[in-house]
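Heads up: the protein sequence lines correspond to chains A and B, in order.
End of the first sequence sits at 312 in the working numbering; the numbers just go up one at a time, nothing left out.
End of the second sequence sits at 624 in the working numbering; the numbers just go up one at a time, nothing left out.
Simulated from the structure, these hints should not be mistaken for lab results.
Careful, some of the hints might be misleading.
[To be verified] For lysine-lysine, the following DSS-like pairs were computed, each having C-alpha atoms within a straight-line distance of at most 27 Å:
| id | chain 1 | residue 1 | chain 2 | residue 2 |
| --- | --- | --- | --- | --- |
| 1 | A | 164 | A | 22 |
| 2 | B | 498 | A | 186 |
| 3 | B | 476 | A | 299 |
| 4 | B | 498 | A | 8 |
| 5 | B | 423 | A | 186 |
| 6 | B | 320 | A | 186 |
| 7 | A | 111 | A | 132 |
| 8 | A | 186 | B | 317 |
| 9 | B | 498 | A | 299 |
| 10 | B | 444 | B | 476 |
| 11 | A | 111 | B | 498 |
| 12 | A | 299 | B | 423 |
[Unchecked claim] Far from chain A, by Cβ distances over 12 Å, these chain B residues were calculated:
| id | residue |
| --- | --- |
| 13 | 379 |
| 14 | 425 |
| 15 | 442 |
| 16 | 496 |
| 17 | 528 |
| 18 | 569 |
| 19 | 602 |
| 20 | 608 |
Every residue, glycine too, gets a C-beta built ideally from N, C-alpha and C.
Protein chains: 2
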Amino acid sequence: MALPKQVKIVEVGPRDGLQNEKDFVPSATKIELINRLSAAGLRNVEAASFVSPKWVPQMADGADVMAGIERRAGTIYSVLTPNLRGFEGALAARADEIVIFGAASEAFSQKNINCSIAESIERFAPVAAAAKEHGLRIRGSVSCALGCPYQGEVPVASVVDVVKRFAALGCDEIDIADTIGVGTPKRTREVFEAVTEVFPREHLSGHFHDTYGQALANIYAALLEGVEIFHASVAGLGGCPYAKGATGNVATEDVLYLMNGLGIETGIDLAQVVEIGDFISNAIGRPNVSRAGKALLAKARSEARSEPNTCA
Amino acid sequence: MALPKQVKIVEVGPRDGLQNEKDFVPSATKIELINRLSAAGLRNVEAASFVSPKWVPQMADGADVMAGIERRAGTIYSVLTPNLRGFEGALAARADEIVIFGAASEAFSQKNINCSIAESIERFAPVAAAAKEHGLRIRGSVSCALGCPYQGEVPVASVVDVVKRFAALGCDEIDIADTIGVGTPKRTREVFEAVTEVFPREHLSGHFHDTYGQALANIYAALLEGVEIFHASVAGLGGCPYAKGATGNVATEDVLYLMNGLGIETGIDLAQVVEIGDFISNAIGRPNVSRAGKALLAKARSEARSEPNTCA
C-alpha cells in the first residue's frame, strides 16, 4: 500500500505525558505548553483529564487549564472523561472531544478497575450518549492493544472486540494503543489489518510507546497499512509506570522527523516543536528523551557557537 | 517482499562503539566484552582497529585484544585496516576479516582525508590485494550513505559508485552506513533498491545510527528490501561526534527485540546481551542508551525485588 500523503498528529504530552509527573506542574506551564503546541501546528491536543483529583492529582487543574488556553481555530482540544461527572466538567470547559478508554486485556481490566472489559466499556454508554447529545466528538482508546504487563500476549480478537464496542457507542475515532511499548511491526500490522475490517481505517489511530525502542518502526508499519493518525508526546513526556527509568510515549519530534523524511505532510513546524520540547523538559526538570529533539538542539547550539560574533 | 527468515547481526560495539571514548578502556575489559558477545551468539564481532595510535589512541591495544580473546568457532572477528601497515597488523593478529572504508560524500572525503572519494578507495587496492592473497574476508564500509554533516544530501548515484568501487576491489560484504543517523525509511529503500542492482543483496548490510531515532524504522524498511545483515552496538555504545550528547549506533538489544518480534532468527540470546550492555555501561561509566536494554533490566530488577525471600 502507498504511504498516506498526510497524517494527523495528536499531541498527548500535556495529558498523557504530564499525568504521571510527581511534582505538580503549575497551570501556567501547562497552558503555555498547550498554546505553543497549537501554535506550532498541532491540530489536536490532548489537554486535560476530568478525573477525580484523588486518582490523578496532577490533572486536578483541568478546568483552569482549559479556561486559560487560547483556542486556535480548527484545533481539537481533547479531554479524558472517566464518567458522567467528568463529562460535565469537559462540557463546562468547552472541550471539543472527549476520550473514553478500555483495555484489550482482561487481566489489565480486572487488575486496574476490577471489572471485565465488556463492563468497563458499557459504563461509558451514558457518557457517550451525553457527548452525542451535545455534539462533542468521541474518541475511544484501546489500551494494551499489543501486549499487557499482566497477561503478556493479547489476542488480536480481543482488540477487535473492544473496537466494535467503541464503535457501537458512536466513537468518531479509535486509538490502538501499545500502552507498554512491547509491540513490533509484525503484530502492529496484524492488529491494524484486523481492526480495519470493523472500523474505518481513516478514523483509526496508532498510539505507540517507545519503551523497547520500537515505536517508529511500528509507526512505519502502520503507515504501510494506511493509518493516518498518530499520537506523540513532545520531548517524549511520560515514562513507563511498569518499568522505572524506561521510555514512555514516542516523542513528537522523532515522529515529525520521520514524516518529513517520508514526504508526508503534517502541517507542523518541527523546529518549533524541538524548542517546545526543550522548554517543557527544563520547566519540569526532566531529561528530554526525544532523539531527534536532542540531535537538533545540539546542532542548533553548535551552529550558534560557530557563528561570527555580530555583537562586536 | 517477504521478510528474511534469518539475519546476521554484526556487533560493532568493541570497535566503532568504544573508539570515541575519551578514557582508555583497559584491554581486559575489551577482551571480556568481545568474549561475552561471541558467547551470546554474535557470529561477527568488529573487534579492533589497526590504525595509528596517534589517530585513535583508544584502539592502540588492538594486537593485545586480538591475542587475548577466546576464538569461538564460526565467529568472524573483524578489524579496521586503513593501510598496508594496518593490514600487516591484522594478519599477524589472525583477524578473519578486514574492513576498508570510504565516504559516499565528496565533501566528507575532502574534509576528513583531504582527497577525492575515488582516490580514497583506490588507496585500499594494495590492502585488498594482500587480503585476497592471504585468504582474509574483505568488508567495504560506505559511510555517509544517507546524508553528510558537510554537504547534507548525498546522491544515491554516489553510493552506487562507491559500492561498485568496493566490489571491484573484491569486497565480500559491503555496508551501507548512515554515519550520522539522518536517514528515514524512504531514502533507505531508495538506496538499497539502487545498490542491489550492482552488488548481491545477501552480501549488503545496513549500518544505522539512532541519532534522530530512525534506526529501527530504517532497519525495518531494509528488511522489507530483503537485507539480511545489520550492524548494531551493545548498549548503543558510540556517540555521534557531530552532535554532542546525541545517540550514535543503534543498540544491539533494540535490534534483537525487533528481530524476535518479527520472528526472524538471529541465533543470539537477547537476555545475555542485555546483561552485557549493563556490564560495559558500568565498566566505562556511560549511560546505557538501549531502550529495550533499559526496559528489560528494569523489569528483571523489579521481578527480582518482588520474589519471595528464599533466604529466610
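Cross-check of the supplied hints:
This hinted pair does not check out: residue 164(A) and residue 22(A) have alpha carbons roughly 36 Å apart, beyond 27 Å. With a C-alpha separation of about 19 Å, the suggested pair residue 498(B) and residue 186(A) falls inside the 27 Å cut-off, and the hint holds. Note on residue 476(B) and residue 299(A): the hinted pairing is violated, with a Cα-Cα distance of about 33 Å set against a maximum of 27 Å. At most 27 Å may separate the alpha-carbon atoms for a hinted pair to count; residue 498(B) and residue 8(A) meet this at roughly 19 Å.
Among the hinted pairs, residue 423(B) with residue 186(A) is inconsistent with the structure: their alpha-carbon atoms are about 42 Å apart, more than 27 Å. Among the hinted pairs, residue 320(B) with residue 186(A) is consistent with the structure: their alpha-carbon atoms are about 19 Å apart, no more than 27 Å. Among the hinted pairs, residue 111(A) with residue 132(A) is inconsistent with the structure: their alpha-carbon atoms are about 30 Å apart, more than 27 Å. The hinted pair formed by residue 186(A) and residue 317(B) meets the criterion: a straight-line CA distance of about 13 Å does not exceed 27 Å.
Distance hint between residue 498(B) and residue 299(A) is fulfilled; the C-alpha atoms sit about 23 Å from each other, no more than 27 Å. Only pairs whose Cα atoms come within 27 Å are accepted, and residue 444(B) paired with residue 476(B) is accepted, the gap being roughly 18 Å. Restraint check: the Cα-Cα separation between residue 111(A) and residue 498(B) comes to about 42 Å, which exceeds 27 Å; the hinted pair is violated. A C-alpha spacing of about 19 Å is found between residue 299(A) and residue 423(B), which places the hinted pair at or below 27 Å, so the restraint holds.
The beta carbon of residue 379(B) is kept farther than 12 Å from every beta carbon of chain A, the shortest such distance being approximately 35 Å. For residue 425(B), the non-interface assignment is confirmed: its Cβ lies about 22 Å from the closest Cβ of chain A, beyond the 12 Å cut-off. The non-interface label for residue 442(B) is consistent with chain A: the shortest C-beta to C-beta separation is roughly 39 Å, beyond 12 Å. Not every Cβ of chain A is farther than 12 Å from the Cβ of residue 496(B); the closest lies at roughly 3 Å, contradicting the non-interface assignment.
Against the 12 Å criterion, residue 528(B) falls within the reach of chain A, whose nearest CB is about 4 Å from its own CB. Non-interface status of residue 569(B) relative to chain A is broken: a Cβ of that chain comes within 12 Å, the nearest being about 5 Å off. Non-interface call for residue 602(B) relative to chain A: violated, since the shortest CB-CB distance, roughly 7 Å, does not exceed 12 Å. Look at residue 608(B): its CB is around 8 Å from the nearest CB on chain A, not clear of 12 Å, so calling it non-interface is violated.
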